[in-house]
Amino acid sequence: MLRKLIPDCYVKTVTYYSADFFRSRGIRGVLFDIDNTLEPYANPTPSEKTRQYLQSLTDAGIQYGFVSNNQQKRVELFNEQLTAFACWKSGKPSGKALEKARIHFGLPKKNMALIGDQLLTDVWAAKRYGILALLVVPCCKKEAFYIKLKRIIEKPILLYYKVKYGGIAE
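Residue numbers for the sequence shown follow my numbering, so the first one is 442 and each next one is one higher.
None of these hints come from the bench; they were simulated from the model. Among these hints, one or two may not hold up.
Claimed, not checked - Simulated crosslink set (SDA-like; lysine to any residue; CA at most 20 Å straight-line): (1) Lys-514 with Pro-481; (2) Lys-541 with Ala-585; (3) Lys-582 with Asn-484; (4) Lys-551 with Gly-502; (5) Lys-453 with Tyr-602; (6) Lys-603 with Tyr-587; (7) Lys-582 with Asn-511; (8) Lys-591 with Lys-514; (9) Lys-582 with Thr-499; (10) Lys-551 with Asp-461; (11) Lys-514 with Ile-503; (12) Lys-605 with Pro-487; (13) Lys-583 with Gly-571; (14) Lys-453 with Ser-488; (15) Lys-537 with Gly-502; (16) Lys-490 with Ala-525; (17) Lys-530 with Ile-544; (18) Lys-603 with Ala-585; (19) Lys-551 with Tyr-587; (20) Lys-591 with Gln-504; (21) Lys-490 with Asn-477; (22) Lys-453 with Gly-607; (23) Lys-537 with Leu-446; (24) Lys-541 with Phe-526; (25) Lys-541 with Gln-504; (26) Lys-582 with Gln-504; (27) Lys-591 with Lys-550; (28) Lys-551 with Phe-462; (29) Lys-490 with Leu-443; (30) Lys-541 with Gly-571; (31) Lys-551 with Ile-593; (32) Lys-530 with Tyr-587; (33) Lys-551 with Arg-469; (34) Lys-453 with Glu-480; (35) Lys-591 with Ala-460; (36) Lys-551 with Gly-571; (37) Lys-591 with Lys-603; (38) Lys-514 with Glu-480; (39) Lys-541 with Lys-490.
All chains should be built: construct the whole structure from the sequences, respecting the hints.
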């Protein structure tokens, strides 16, 4: 079970995962969690920095989309100007939304990745589904109580990751 919670890579910020990073690994479709991965929950729409980052992926021929456990209204508002594939109430760590995205992208699993900030939803979903699992440090410290409880469970696993793999990539 532990191996299903260990990310393939762990970095401080989502922009570390550049188009070159993806191309070097054969990744042509990237799924993002939204809240605390791309933007703090309080940001209803993507920042200019996020829009530029996502555009850089598009320019490199990399498809992207969103899989969020949040509500439809939140996800649609965030995606309104981007018009990417988006799935709300995705049920992560279930892989159902990931399969919908894979079909939408027309890609095999080996060419896909999921980026998120939580081990118990994002990383676990990616590992269960069989795609590259990429973790980022949450971009905001303010979180709901139930997320803080998950972080307590995640803490020893992240410590194990840091010891075994040498920490978080800059």
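- Against the structure shown, which of the earlier numbered hints fail to hold, in ascending order? Checked against the structure, the hints that fail are numbers 2, 6, 8, 9, 11, 12, 13, 15, 18, 19, 20, 26, 27, 29, 31, 35, 39, while the rest are satisfied.
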